[in-house]
Amino acid sequence: MPAMRVRQAIATAIADEMRTDPTVIVFGEDIAAAEGPFKTTEGLLEEFGPIRVRDTPISEMAFTGAAVGAATMGLKPVIEIMFMEFLGVALDQLVTEGAKMRYLSNGKLSVPMVVRASVGGGLGFGGQHSQTLENWVAATPGLKVLSPSDAQSAYSLLRAAIQDPDPVMFLEPRVTYAERGEVDTNLKMEIGKARVVKQGKDLTIVALGQMTNIAREAAAASSLDIEVIDLCTIVPWDKKTVLASVKKTGRLVVVEEQPQSGGWGSEIVAAVSAEFFGELKSPPIRITCPNVPVPYNGGLEARFLPNATEVNYQIDQLMATGKAPQPWWIREGF
Amino acid sequence: MSKGLERRKAILSDPVAQFERAVEIREFETQVNALFASGTIRGTTHLCNGQEALAIGLASVLRTDDPVSATYRSHGIALALGLTTESAMAEIMGKATGCCGGLGGSMHLCDLELGLLPTSAIIGGGMPIAAGAALAFQVQGNDRVAVAIFGDGATNIGAFHETLNLAAIWKLPVVFICDNNVYAEYSRINLTTPIEDLHIRAESYAMPHFALDGMDIDVVREGIQSAVDRARSGGGPTFIEAKTYRFAGHSRADQALYRPEGELDSWKSRDPLLLLEERAKKSGKITDAQIADMKVRKAKEIEATVALCQNAPEPSAKTMFENIWSRKVSQ
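Top to bottom, those sequences are chains A and B.
Residues in the first sequence are numbered from 1 upward in steps of one, following my numbering.
Residues in the second sequence are numbered from 1001 upward in steps of one, following my numbering.
Hints may contain errors.
What the hints assert, rightly or not - With a straight-line Cα cutoff of 25 Å, these simulated SDA-like cross-link-like pairs (lysine to any residue) come out: (1) Lys108/A x Leu1103/B; (2) Lys1281/B x Ile1291/B; (3) Lys1171/B x Asp30/A; (4) Lys1318/B x Leu109/A; (5) Lys1328/B x Ile191/A; (6) Lys188/A x Arg19/A; (7) Lys108/A x Gly1004/B; (8) Lys240/A x Ile1324/B; (9) Lys1171/B x Ala33/A; (10) Lys1318/B x Ala139/A; (11) Lys1285/B x Lys1328/B; (12) Lys108/A x Glu1322/B; (13) Lys1328/B x Arg303/A; (14) Lys1171/B x Thr23/A; (15) Lys1298/B x Phe1036/B; (16) Lys108/A x Gln1138/B; (17) Lys108/A x Pro165/A; (18) Lys1328/B x Val95/A; (19) Lys108/A x Val1219/B; (20) Lys1171/B x Arg52/A; (21) Lys1171/B x Ala139/A.
Quick caveat, the hints were computed from the structure, so don't treat them as lab data.
Because the structure is a prediction, the values reported are computed rather than measured.
The following block holds chain B by itself, in its conformation from the complex (with noise of 0.2 Å):
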């Protein structure tokens, strides 16, 4: 089994190593903040930080066959869904080891042993593809499930409500995920969008659709489960909106200034890593002196596979070319 698929099969029920994969994504943004503030990494970075519970109760339902599109605020899913902290740092650098050979980028992350599609950085843009993925499973008449998961601003764009009424009326096997951060880029959902239960237009598409505390995973678990369970069961699509907060600025270049006061530190008494951590100490299988253990191992292990990732060769010249067309085209 490969170390991606064993990553996956470690965080399914374990509430403990659910825990800890949440402090390694914490910890892995805050390395890649860290890196593009000092300018090591070079464009863009878009961080996940309070949405880490979505992420990993997504990846702990799906089997790895079901594929999954997700955006450029992905470091977290990918993680979750077992992309090791190696591949995905090393892509973020631009290295050759990286999980699309440092041709991808922090916005580009990909790992389709793990259901992992390459992540799209237009908004809503994999929306239609996930639909298509499950129209695929349709006629080949398999169980597989496609999941689009896509911030609150999507839900404002045509390829959304598009895809939302192709899938409702071709009863695709596919689960759409609004991981709603409450901002759009530099716009609060509110000064974009007229409703603030976003879920409520997948009734205008005669769709299923319920929100869910996106900061609890197993409220996350439980209402994406039943999605699945839906869609697989050949009953059709299934809109769900997790209501999350992002806690960082759209991306590097934003400091979120334009945020209500208080707002951040009401989100935060709710953070994902909080109630992650108070939940593994129910499970009665980790103690508060293990714990601190496991978040400075986790630290160090985020700052060695930087450290790994920093001396990862380059990609050739020769990789520019490749992988455009099935056989290379001279012109």
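Chain A on its own, in the form it takes in the complex (with noise of 0.2 Å):
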């Protein structure tokens, strides 16, 4: 299996789906003749041409509508949001038209488009270049959100969601796309299948993109025996696979890169407390950032993300109490 960064991954996806399929087209800001920012989109432009392969004008709004209307009549397009926060001027055309159009055509018309986006933090973007905002997107059914969390992830569920007759959110971790990975590229993963990515019995954690890092790292360091979950899709989530995984630990630790207000994570607390109420071995809980803007200072940003140590620390407290622990900056005062 060769092995390849989380950017070519990305790139030779979209290249297998291309080859396979001429309605897929790709297009986006810089991301033809500058084969992208991020090299996420390298070697696209020459094998395909300008006709399947564009470079739009900075007009998120435009092109992200392009696509809706391209999809509805028979294409598959590709684009790039270069930062997820760029789709905010452009949430009406995702959202709003192109997630209703099946709905308001009465079935008739499907939307087989993927948004990719870069997300997250860690990279120094500061507070408008850095976000996850997975919650702008989730609300809306219609969507399917995902984020692939290493090299086999992006390049099995960027195929996946390019062949999927819906609107697709794909999310990808931008601290992960220079790390390397094994790829198979025969390899499916499909959408709303969570990945059990390291098995054990004493607890579960279910993390989504760059935390499923954190959360192998913080399972390798721990004494317990840790189950990690990377869940891949957000919407539709996989229900089974992490109910099934807390039943087996009776506990449950998710791990956002988010705000802690309004994350996916509750979706997950909610169910799992629902379905197992009474029988849980300490209460479910989530490790999340601060409601805070990203911060650019490095010793900040660093903070202000979950990492190992404090997963761990939180994880030792409530085996320890059997209570939730308070996050790092009510511990601190803050």
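Put the complex together from the two separate chains, hints included.
Okay, here's the thing in structure tokens:
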């Protein structure tokens, strides 16, 4: 199996789909001639030419809507939103137009499109280029929302997203772009299926995107036998895998790269609590970012993001006391 | 051939049929207004009185495989394209037999067989979608043309400018038609926009543009035909400003008391229905007596449509969970 960087896995997934399916087209800002600011579209213009691989003006609303329109007429557009925050100016086209097309055409129209966006903190991009913002799109019926965590999931999930007949929001953790991993190009991953990336029996961690790596790191350093689930899909999320795991371990910790309020982990905790009320060994908890913007300063940004030390501290507290621990910012009086 | 396609075919060139369709649209809107006023229909509605010639002119020039992205004020466009009055009225009444199964309503009409994309209730929201449809045609290498029709108010929203720019640089086969009916919701266009001739905005996107008299169907047809021909032959997008006038308020809650005195009467002297009637008579194919009969007949037909739709079934609860994803997602 070849080892490739996450950004190469993404470019390879798109190229493989474009080779298989002539209706796949790609556009976005600086994705053609410049091959993408994160090199996630490397080689596409050269191989597939300027009809199928296009640079757009800085007009997210127009090109996101153009993807919707093109999808209704038989193409499968894959578009790139350079930073997730830039989707803010185009949200109408995805949430109010694209996600409603099937419904408002009485089932006659499909919108097979993928909106790729780089997300997350850790690289010093500051308050307007570091958020994950899954919750902008997770509450819109009609959309599917995915986030890979490594090269293999980037490759396999992106191929699944491009093949899917529904609009898919594909959130790429920017900090993982340069990371290498082995990729089996024959491995299929399904939308709506989580991955158990480490088996364990004492406690279940559910994570997403770059937090999967934090959860792995925490599990490796812990004296407990922790099971780590990479959720992969936020909508529709894999209730079956999560519930089966918590049934086995009796404990749930969700690790989220999101401000505490309104995060996807609340859904997981609510569902698990409702299913296993009274049977759990400890209260299900969420380890999140504080309810503040992403700070620029390197030391502060590192504190803002959940890390393995904080995850294990909270897990140890949970095991020792049986009560939900306070997050660091409460412990430190902020 | 479906009833919708037959209805479309009927108005392609016959001036009598075109006049008849205009009468139908006006009667339809009269009934819709009455049904809202009496509380029979819920929500809101946006009437197209005064804009019928543009709707019919557009429908008579396009092919049925040329998609139209229109707005929440599209009862007339939908009927002109061929949507049946039953399908439209049932939708507005929220009935299962409506074009969107009763789940769309007055602002969300759709019939893909006739080229009517789901109408958008977001100002300017349909413009990028029309450009995207045109992008598909360009990539596929066929000769279809996409149309975005929108109001004067849309010329102040970002989607308008972004889409014109995108369509121009990609030379997309799309026609932009601004139905300038003088009012953007409750505001006269001059209060929100520093120019009177909105089509000149296309100049900055190096896009061919012109204004036309939207009350005169022959002028409308000639103008749109030239733009469609350009798009079909690879010449790229065109921007047309059709000067019309909104005879009704913005929505059912709006009495339009803000109009300058005399403005409505002055535009009504050029009511597209009057012009279409004159034109039909000039064709020699219909007499005054036949016109009088036709008007009575149309009014009765729409009344019968209303009665039919009132008795139509309500959508079942199950339908609420359908057509969201390609396959049902249970969560």
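- Query: What are the numbers of the hints that this structure violates, sorted from low to high?
  - Reply: 11, 13, 19, 21
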